[in-house]
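Q: Here is how the chains run, residue by residue.
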Amino acid sequence: MKTDRLIAFFFTVSMLASFGLIAVYVFEGDAQLEGTFLGVALSGLGIGFVLWAATLHTEPVTEEREHPDDVEGGDVELDAEPLTRRAMLWKLLAGAGGALAAALAIPALSLGPRPGESLFKTAWTPGARLVDTDGNPLKVTDIAPGTVQTVFPEGQVDAADAQTLILRVDPNLLELPSDRVAWAPEGVVGYSKICTHAGCPVGLYRAESHELLCPCHQSTFDVLRGAEPTFGPADRPLPQLPIEIDSEGYLVATGDFSEPVGPGFWNLDSDG
Amino acid sequence: MTPARVFGLALLVVLLAAPAAVSQESEPSGQDLFEESCASCHGIDGRGTEYGPSLQNSGAAAADFELRTGRMPLHDPDAQTVRKPPAFSNDEIDLIVAYVASLAPGPSDSAGEPIPEVDLSGVVLSDGQEIYTENCAACHGATANGGAAGAGALAPSLHLALPLDVAEATIIGPGEMPKFSFDEAERNAVVAYVRYLQTEDAPGGADIGGIGPVPEGFVAWLVGIGSLTVACWLIGSKVLGKGEG
Amino acid sequence: MAEQVSVKPLKWLDERLGVATWARRSLKKVFPDHWSFLLGEIALFCFLILLMTGVFLTLFYRPDAQPVIYDGPYTPLHGQEVSAAYESVLRISFEVRAGLVMRQIHHWAALVFMASIVVHAMRIFFTGAFRKPREVNWMLGVGLLLLGLGMGFTGYSLPDDLLSGTGLRIAYSVLISVPFVGPYLAFLAFGGEFPTEGIISRLFVLHVMLLPGLIIGAISAHLAILWRQKHTQFAGPKATENNVVGRPFWPTQVFKSTGLMLLTAGVLALMGGLVQINPVWHYGPFDAARVSGPAQPDWYIGWLEGALRLFPPADFKIFGLLVPGPFFPGVVMPGLAFTSMALWPFIEQRITKDREVHHLLDRPRDVAWRTALGMSTFLFFLILTLAGGNDVLAITFGVQVEAVTNVLRLAIFLVPALGGLVTYRMCTELQDSDFTPFRRQPKIRLGRNKKGGFDELP
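Here the protein sequences line up with chains D, F and Z, keeping their order.
So our numbering is basically just the index in the first sequence, starting at one, shifted up by 7.
So our numbering is basically just the index in the second sequence, starting at one, shifted up by 115.
So our numbering is basically just the index in the third sequence, starting at one, shifted up by 14.
Incorrect hints may appear among the rest.
[Claimed, not checked] To spell it out: a stretch of chain D is covered by chain Z in this simulated footprint if at least three of its residues, at any positions, have a beta carbon under 8 Å from a beta carbon of chain Z; those stretches are:
| hint | stretch |
| --- | --- |
| 1 | 198-210 |
| 2 | 235-245 |
[Said to hold, decoys possible] Keeping only pairs whose Cα atoms sit at most 30 Å apart, straight-line, the calculated DSS-like set for lysine-lysine is:
| hint | chain 1 | residue 1 | chain 2 | residue 2 |
| --- | --- | --- | --- | --- |
| 3 | D | Lys146 | F | Lys199 |
| 4 | D | Lys128 | Z | Lys331 |
| 5 | Z | Lys270 | Z | Lys25 |
Calculated from the structure, these hints are not laboratory results.
All C-beta atoms in this analysis are idealised placements derived from N, C-alpha and C, irrespective of residue type, glycine included.
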């Protein structure tokens, strides 16, 4: 039938326009092209439907005007016959509809950036000075034994993923992993403040037992042993910040944390 | 004053007066008091024993805090210290504190932190709020009602703490509490904010514990859905009125 | 005379809409009489109150993360940089007339709303009211429970205080734990790496537009289906599978429901005025590096929080890929729970092979296995909810928080199992007796007779 081929043509045009829309969106996007493709995709489907309707040739039906709510469902016979013969058109319709749905769903990607590298690194860079929450750089002499303090890299006090706890403990008690022995000059250790379980700030410090505890789910970390977890649901240690004392006596980081900070994700162990 | 309190006070007076009566001739010195009540754990000259740490560098602030808040003397060396009525009179505490402060092993050694001055005039409450939420709220709670710090350690409620107690605690870090290197203004501000939390009234009504959603959930179930379920039962049952059927 | 006046507009309307027959039939619609059938109405009325108080709050709330300097009447926050959202909540609490009471009624209504949904769902479950032909309405109900959870969570997060920020952070961590797509999901939902500025306005749109719209739609369908299918009833002297025995919608049911609606509003107003809830001024503005303890969500999220707290440290690796611990308690467990709950009518049909239509309710004791299973499930979630407050329990009872956690880690297996067995036993015992704990026994009246004895009076 000639009309059927016409309908198929319009459905195909619609589908191609939807693919075009996806392509435009993925490659930067352009309002005129997006509008054009969307318009063609929708109108193509619309014209197809209108043409299809014209071929259905159903007889006019009479329905009584009074008491419509007295008619119980079930005795109305649906004549599906004119619809069932066109398997090809149905398939094309499904294809065009699916492509349009995909094209319409794709802008959801605008909701957020791709994670990319951001989960693997923080604002800490080699040589970055440790500053307190007011932005004042800290000397090793500012850190009294038994204290705990939140620090950030200089100039990055708002960098949430760089928040670090520094604590000063007796260097003789420290049992850090062998490759990190130099990371705690004069007993000043720094750990990411973001819990490796569900990301809460690990705000509690028990000074006598040298343990950090997260108030959200009670994950507990041993400060003396590289912040290995000792209780609660966290399974990974808090990442450690490599610290040294520069020539002027200021505390500086020698690089980023030992591992990606915060809660776990599937490719955390890869190199980003 | 309740009768129980009157009785307790009277008992306290008798107990305190009894030793005073015996040794009226010579008032006990700080050292006498220390050796009588503290040395069994902290050792002669505060050198420390297996039951208690050395006090030779602990300083006046620590001794003052522990004695004035009744945390010391402690009967069970393994127990967490808690606020109790002090075991000594103010004069006696001053004597012991002076003695402990003098215990530095050599004249050149530091003798710990002195008792801080607390001056709440002219502090900015808002600074205190910021310092408190940044440093104290994780353990003591946003409303200073206390919290669990794990391993049986309890961050106590601060609602009974005197301004000087709070100031001293931030300096000495008693028990599991870390020390905080606040300057004087910061310390006064935090003290003022704790004071504010102690005295402010709850604008929203009864403050059901002030520890967040847990008591709120209990109230929602017991009072809210509880009373409404009873209402349903009354409406749906034949208790109200005779009904027809 | 008065009747003439009141009938006239109705007649006018009927001439145009032709609904008189339908309306007359509707007013006579029969509602079976049992107090527990009213529980679902509490949820409906709570939702109405949430809508009304919510509209009021929306007039003053600013869904904006822009930093502003607070200079309102609450001195402990004077001069601090807070988000515009948080500042507007403080303004509602301290400056807007009736703002605080509205905010508190709204929050209490949310807590009671969720509680009433749970109570209503338990009534449906234990009496088998979800059986054919009511499977669709059961699934709609589960959908409403989920939507309610969404409403609660988004609403809890809007004030942008320290406590709600902590809740968002945990939600982000759970999202990011999903294998393969987690980081993408989390970044799409939050607009980047936590914390993001855009999240407040997104939550706001969900909370005041999308979710309430869906809830209104779902409630309408829920009630329409109820209306169409007619209410279930307990078997009685007259009540059978083929009839509905009860009171007419008008006037009895309308008066009862109106009374219950006003009582619900009254209780919530009393709570909103007399009991403080969520004092956001204490928690302070959100700051990514701060946290206050104890940190809990509202009670209806407590079971998820508890699952996160109880789950052992069990990050494991499969082919070198990390499956973080929070994935199981945070995604898998709730996923399974809601799927099996939604599909329960069909699961039960498979077990019992019973595909008949049921309009008569089960007495819970008569289907002992279902009642026992329901009790086990309830206890499972109860233990999880308690675990969500393990630190508060530890303070309250003066024990170690680790001990509470370890005890609950055992209890999560033992208590539901034991509770189920005990319930099963109680049901079978009750089946053999005529004991009805909630029904009043008919009164027997005695009168003195002339011989000095007693006779039963009619």
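Q: What hint numbers does the structure not satisfy?
A: When the structure is compared with the hints, only number 3 turns out to be violated.
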